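Sequences listed follow chains A and B, in order. Add 143 to the 1-based position in the first sequence for my numbering, that's all there is to it. Add 1296 to the 1-based position in the second sequence for my numbering, that's all there is to it.
Since the hints were derived computationally from the structure, they do not count as laboratory data. Among these hints, one or two may not hold up.
Stated by the list, open to error - Counterexamples of contact, computed for chain B against chain A with all Cβ distances above 10 Å: (1) Q1332; (2) E1443; (3) M1464.
Claimed, not checked - Cut-off 25 Å, straight-line C-alpha distance, at most; resulting in silico cross-link-like pairs (DSS-like, lysine-lysine): (4) K1369/B to K1390/B; (5) K167/A to K1472/B; (6) K148/A to K1472/B; (7) K148/A to K1362/B; (8) K167/A to K148/A.
None of the values given here were measured: they were computed from a predicted structure. Each residue gets a CB set at the ideal place from its N, CA and C atoms; glycine is no exception.
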Amino acid sequence: MPDHKFELLNAYLDGELNPQQRRKFEAHLDGCPECLEELESLESLSGMLAEAPLPDFSSPEQLAANVTLQLPRTPQRDAASHSFFNRSWWLAPAALLLVWLVLSTLTISGNLIGAASEFGLVPSLSLFAGNAANYTSLLGRFGLVEPDTLQWLVPSEAFMRQLVTNMVWQVALAMLYLSWIAIWWARNNRPELNRQFR
Amino acid sequence: MHTVTTTSPADERTLVTQAQQGDRNAFSELIRIHAQGVQRVVYRMCGDQQVAEDAAQETFIQAWMKLDSYQPKSSLRNWLYRIAVNSAIDMLRKEKRILSEAVEEMPLADGELGPEAAYIHEERAVAIHNAIAALPDASRAVFILREYEDLSYREISETLDIPLGTVMSRLSYARKLLKDELSQHLEVAYA
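Extracted from the complex, chain A is given alone in its bound form (with noise of 0.2 Å):
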């Protein structure tokens, strides 16, 4: 007695076999009756659902008519603030260059300050080098650092502290204008997320 293949009578039945899955099957229906009557009451059962009535429904035309009354303005009002925001697209990644400019500006001009300052040339200037190495100091005043140690950390923990402050706005700008990037991206290439975004 030949093994029953039921998982494949409805792709047969709905005519999904490639030619050669169909040939074979149809050979296994020689010779196995209970495939093929399974099949047979499968065809009675389509046949049976095709008497299905359906009603008489609106035309087309009347459906078209009721619909178009309903609509919202949606994607009208979508393509004008769509619109807008592809005029104004471009403001984002041009305001993040203008506040790295204003930055940098500022932190160059403040060190070359600061080293005028230390070389005397300007007089020396509280904004700038006032509070600029306050823990070391803190701990040369109580002798806990030797004055020879304190003559190259103070100098460092100036340094470090404008690394730090230049590297963590850097840092965020960089994150916003990748984020800029990433969305821009989304907004070309998946047209669902670029839904979310209006």
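With chain A held as given, fit chain B onto it using these hints.
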């Protein structure tokens, strides 16, 4: 019987592009093209004409609102069918599943049949209606797209966003349930 509107794929793409830009006339034309298919799907899903009419309207309203997410590389008909299936299921939930209560509103049998044949025909139609209504939503959607809309397994898989294997198992399950439910009528009709 309504006339079936035929439009070439290129024309349809043009209409979709125009509709995506907010052209209501173009969208209206798309509704005319796909109205009958959507009405059939929602009716088979809901089993009630009035609910189906509402679900068909809701389908096209949803389609208008989501039109910018439609990608022309996929079939518009199948995209609409997906929305139609979901609209029908939502409508059934809102209407507390009137599906099985809509039997008395079913279309009448052909007037040319004699009284006895008409009675048997109607009785069978009611049985089919009830058997389809009793299917789980997920299986019913797969079954309707295959049996009544003649979509291939791959098209059903893409339309409902389910794996091909799931299409096959749901279809097989639906047919098994229907065969069991309608066995008595099958024996009479095809004896």
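What are the numbers of the hints that this structure violates, sorted from low to high?
1, 2, 3, 4, 7
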